[in-house]
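J.: Residues per chain, in single letters:
Protein chains: 2
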Amino acid sequence: MSNPFITPDALIQHWQGHRRLTRRVIEAFPEDKLFDFSVGGMRPFGALALEMLAIGVPMLRGIVSSTWETDFGRDPRPKSEILRTWDEHTKEMDALWAKIPPQRFQETMKAFGQYEGKVHDLLLYAIDNEVHHRGQGFVYLRALGIEPPAFYERN
Amino acid sequence: MSNPFITPDALIQHWQGHRRLTRRVIEAFPEDKLFDFSVGGMRPFGALALEMLAIGVPMLRGIVSSTWETDFGRDPRPKSEILRTWDEHTKEMDALWAKIPPQRFQETMKAFGQYEGKVHDLLLYAIDNEVHHRGQGFVYLRALGIEPPAFYERN
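Top to bottom, those sequences are chains A and B.
First residue of the first sequence? That's 914 in this note's numbering, and the numbers climb one at a time after it.
First residue of the second sequence? That's 914 in this note's numbering, and the numbers climb one at a time after it.
Hints may contain errors.
You can't tell identical chains apart in this list, so a pair holds if it fits in one copy or across any two.
Straight-line alpha carbon distances no greater than 30 Å define the calculated DSBU-like cross-link-like pairs of lysine-lysine that follow [what the hints assert, rightly or not]:
no., residue 1, residue 2
1, Lys1004, Lys1031
2, Lys1012, Lys1031
3, Lys946, Lys1004
4, Lys992, Lys1004
In short, the hints are calculated from the structure, not lab data.
Put together the whole structure using the sequences plus the hints.
T.: Have a look at this one:
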């Protein structure tokens, strides 16, 4: 095995930094705009946040246990409930990450029964999907006249 | 050093996959909308694409040589010229990547004289910035009534 680009420890820290920023974007939305506002006919940001929740922890559970759950609810809900789930998932992600066998990241798995790839690519896809949709959220906030949180701030 | 999350070879392939998708997003914009359209007062996508060009290759040059160039032009230009530069940078990125000493990714550098961090974090920041702004571009395209390329397609 060659030198790493990045270690598993540094990668989960990187992901959690993104999640702290995404949490601030969820918080920045007015309650009544989370599921009732979008641009260009796209999904509202609340739906995108629920998609992130449906991917992160379920992906990690699958990587740890090879059991893929796809039944995470997508019904609109209050912002406070989304943030509470977000915080629960933050802790669960750290706990699950610690259970991933070190060699697993280079192995191939079929996520959710349909997306086959190297585990590191599956995880980067989950992170990229969050960054991509959060970028949409930045546009929605600007269109609402709200200043989004700073992209570079991850603490 | 612990097991890698991902190797340098896999990471540059991952980045180049993103760059292929971003190239398709640039291509999808009508010529007259690249520098003259945005949503919510944000920068137009042409300006975002030039920012990506100002970060990618200059970042890699800096990581290889410790010389940080910040003079990449930001003036509006024809789409064909942006795509030509994009393709030149694609090749240059592969060439520069091959010159990065394997241990460099774990070292700390100060990018462009002001952003200090582990090299892997500096590189992930460059990729995340591309994904973030490309997500904005997806919204601009939808607002223009144009179907964006598929997010999951990276070939």
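J.: Please go over all the hints and tell whether each is borne out by the structure.
T.: Now the hints, each set against the structure:
In the homo-oligomer, the alpha carbons of Lys1004 and Lys1031 lie at most 30 Å apart both inside one protomer (24 Å) and across protomers (25 Å), since each shortest distance falls under that limit. For the homomeric pair Lys1012 and Lys1031, the shortest alpha-carbon distances inside one copy (17 Å) and between copies (25 Å) are both at most 30 Å. In this assembly of identical chains, the alpha carbons of Lys946 and Lys1004 lie at most 30 Å apart only when taken from the same copy (27 Å versus 43 Å across copies). Taking the closest pair of Cα atoms, Lys992 and Lys1004 come within 30 Å of each other only inside a single copy of the chain (19 Å); across copies the shortest separation is 45 Å, beyond that limit.
In summary, this structure violates none of the numbered hints.
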